[in-house]
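Student: Sequence:
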Amino acid sequence: VPSIVRSVGPEQVLTMRQQTQIYWDRYFSSVEKIILTTLEIIKERVELHNAKKMFAWNHPPGGLLIHPSFSYHRAAFPFFALHEGAPPSEKFTAVILARTPIISISAPS
Numbered sequence: 006v007p008s009i010v011r012s013v014g015p016e017q018v019l020t021m022r023q024q025t026q027i028y029w030d031r032y033f034s035s036v037e038k039i040i041l042t043t044l045e046i047i048k049e050r051v052e053l054h055n056a057k058k059m060f061a062w063n064h065p066p067g068g069l070l071i072h073p074s075f076s077y078h079r080a081a082f083p084f085f086a087l088h089e090g091a092p093p094s095e096k097f098t099a100v101i102l103a104r105t106p107i108i109s110i111s112a113p114s
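Mapping of the sequence shown onto our numbering: residues 6 to 114, in sequence order.
Derived from the structure by calculation, the hints contain no laboratory data.
Accuracy of the hints is not assured; some may be wrong.
[Stated by the list, open to error] In the DSS-like style, the derived pairs of lysine-lysine whose C-alpha atoms are separated by at most 25 Å in a straight line are:
(1) 48 x 38
(2) 58 x 48
(3) 58 x 38
(4) 57 x 38
Work out the full structure, taking the sequences as your base and the hints as a guide.
Tutor: As structure tokens, then:
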């Protein structure tokens, strides 16, 4: 094992550190993220038909932010276009959630 560890070049070590930092930030940096990640993994093991592909977990924005019912193909996700070598599209769809604040009777007007 030590000889294998020593054979890894500095560029590959840097790449691995960067990838580890991404995983840490996305899935492990807080108790809330750890719980959400754990619950999502359990849900995927119970509902296999809704499981996300590995690319969803291993690339930005991550498995917690991608809904599997949208598509099973990388090309359908705009943030994977450059990763797949495709130029970004000039057209896109944005979904914006807007909510009306709850007004309390006792709130000043």
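Student: If a hint holds in the structure, say so; if it doesn't, say that too.
Tutor: Status of each hint after checking the structure:
1. 48 x 38: The hint holds at about 15 Å.
2. 58 x 48: holds, 14 Å
3. 58 x 38: holds, 19 Å
4. 57 x 38: holds, 17 Å
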